[in-house]
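**Student:** Position one of the sequence shown corresponds to residue 1 (this note's numbering), numbered consecutively onward.
It is possible that some hints are incorrect.
Computed list of lysine-lysine pairs in BS3-like fashion (alpha-carbon distance at most 25 Å, straight line) [what the hints assert, rightly or not]:
#, residue 1, residue 2
1, Lys87, Lys26
2, Lys136, Lys165
3, Lys100, Lys58
4, Lys100, Lys162
5, Lys136, Lys162
6, Lys165, Lys58
7, Lys158, Lys58
8, Lys41, Lys100
9, Lys100, Lys26
10, Lys43, Lys89
11, Lys76, Lys43
12, Lys165, Lys100
13, Lys89, Lys26
14, Lys87, Lys58
15, Lys58, Lys136
16, Lys76, Lys100
17, Lys41, Lys76
18, Lys136, Lys100
19, Lys41, Lys58
20, Lys43, Lys26
21, Lys58, Lys162
22, Lys26, Lys76
23, Lys58, Lys43
Distance ranges between label pairs, derived from CB positions [stated by the list, open to error]:
#, residue 1, residue 2, range
24, Thr85, Cys167, 34 to 44 Å
25, Lys41, Ser145, 25 to 35 Å
26, Leu74, Cys141, 23 to 33 Å
27, Ser79, Lys165, 34 to 44 Å
28, Val28, Asp81, 39 to 49 Å
These are computed hints drawn from the structure, not numbers from a lab. This one's a predicted model, so the numbers in the text were calculated from it and none came from an experiment. Glycine is no exception: its CB is placed at the ideal position from the N, C-alpha and C atoms.
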Amino acid sequence: MKAIRNILIGFLLVIASNAMAQRTAKIVRVWDADTYSLLVKGKIIVARLTNIDAPELKQHFGEAAKQQVSQILLGKTVSFDSAETDKYKRQLVSIRIDGKALDSLLLRNGWAWLYLEYCNDANLANLQRLAINEHKGLWVCGVNSVCPPWLYRHYNFKNRLKYCKGCNS
C-alpha cells in the first residue's frame, strides 16, 4: 500500500512539474506589440501575449509600440507558458524576458492596455495606472486622447477618424 502511494505521489509530482514548466523560444518576428513569431525546437509558433492589448499598427502609437518591443525582443531567447489558442490560431502565451514578465513591461511603459475583458490582475492594473499618471507611451496626452484597440478594431473608417485620432505628441 505504501509503495502504491509513493508511486502515485511521484506520478502526480511529474505531472505537476511538467504542467508548470516553462518552455524557451527565440523571438524571430514581432508582428505588432503583442503578437510574435517564436522559434521553438525548429518550429515557428505565432503567439499572442495574454493580459494586454497593444495598439494596432495603423492606430496611433501602433508602430512606435512595435518598434519599442522589437528592440527588446527580436532575436532574444525568452521563456513562455502557453495555455490555449485564440480564434486566429495563435498560441496565447505569457512571456518572460530576463526574468521579467513582458505584459508588465508593456503596461508600465505605456505601450499597451490591460485587456480588461480577459484579465483582472490588480498588479497589472496598477502598472497601467502608473504609466497613465506619468504620461508614458500612448498616455503622453492623457487618457482622453487614446482609443483602445478593441474599440478601434470595431469602428468603421469614419468613427476611427472621429474617436481614434490620438494627440499631437
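**Student:** Now tell me, hint by hint, if it's right for this structure.
**Tutor:** How the hints compare with the structure:
For the suggested pair Lys87 and Lys26, the alpha carbons sit about 24 Å apart, so the restraint of at most 25 Å is met. With a C-alpha separation of about 18 Å, the suggested pair Lys136 and Lys165 falls inside the 25 Å cut-off, and the hint holds. In summary, the hint linking Lys100 to Lys58 is not supported, as the alpha carbons are separated by about 28 Å, beyond the 25 Å threshold. Note on Lys100 and Lys162: the hinted pairing is violated, with a Cα-Cα distance of about 37 Å set against a maximum of 25 Å.
Using a Cα cut-off of 25 Å, the hinted pair Lys136 and Lys162 holds, with the two alpha carbons roughly 23 Å apart. With a C-alpha separation of about 11 Å, the suggested pair Lys165 and Lys58 falls inside the 25 Å cut-off, and the hint holds. Annotation: proposed proximity of Lys158 to Lys58 holds, straight-line Cα distance about 14 Å (limit 25 Å). Distance hint between Lys41 and Lys100 is fulfilled; the C-alpha atoms sit about 23 Å from each other, no more than 25 Å.
Of the pairs offered as hints, the one joining Lys100 and Lys26 holds, with about 16 Å between alpha carbons and a cut-off of 25 Å not exceeded. Between Lys43 and Lys89 the alpha-carbon distance is near 15 Å, which keeps this suggested pair within the 25 Å criterion. A C-alpha spacing of about 16 Å is found between Lys76 and Lys43, which places the hinted pair at or below 25 Å, so the restraint holds. Between Lys165 and Lys100 the alpha-carbon distance is near 32 Å, which puts this suggested pair outside the 25 Å criterion.
A C-alpha spacing of about 19 Å is found between Lys89 and Lys26, which places the hinted pair at or below 25 Å, so the restraint holds. Our distance criterion of 25 Å between C-alpha atoms is met by Lys87 and Lys58, whose separation comes to about 21 Å. For the given pair, Lys58 sits about 20 Å from Lys136 by alpha-carbon distance, which is consistent with the 25 Å threshold. As the CA atoms of Lys76 and Lys100 are separated by approximately 13 Å, the hinted pair is consistent with the 25 Å bound.
Restraint check for Lys41 and Lys76: the C-alpha separation of about 15 Å stays at or below 25 Å, so the hint holds. Only pairs whose Cα atoms come within 25 Å are accepted, and Lys136 paired with Lys100 is accepted, the gap being roughly 19 Å. Under the criterion of a C-alpha separation no larger than 25 Å, the hint pairing Lys41 with Lys58 is inconsistent with the structure, at around 33 Å. A hinted pair counts as satisfied when its Cα atoms are at most 25 Å apart, and Lys43 with Lys26 qualifies at roughly 10 Å.
A C-alpha spacing of about 15 Å is found between Lys58 and Lys162, which places the hinted pair at or below 25 Å, so the restraint holds. Restraint check: the Cα-Cα separation between Lys26 and Lys76 comes to about 6 Å, which is no more than 25 Å; the hinted pair holds. For the suggested pair Lys58 and Lys43, the alpha carbons sit about 29 Å apart, so the restraint of at most 25 Å is broken. In this structure, Thr85 and Cys167 meet the distance hint of 34 to 44 Å, their C-beta atoms being roughly 36 Å apart.
Roughly 43 Å separates the CB atoms of Lys41 and Ser145, a value that falls outside the hinted 25 to 35 Å. Between Leu74 and Cys141 the beta carbon distance is about 28 Å. The supplied range of 23 to 33 Å therefore holds. Our hint of 34 to 44 Å for Ser79 and Lys165 holds, since their Cβ atoms are close to 38 Å apart. Restraint check, Val28 to Asp81: a C-beta distance of roughly 19 Å breaks the suggested window 39 to 49 Å.
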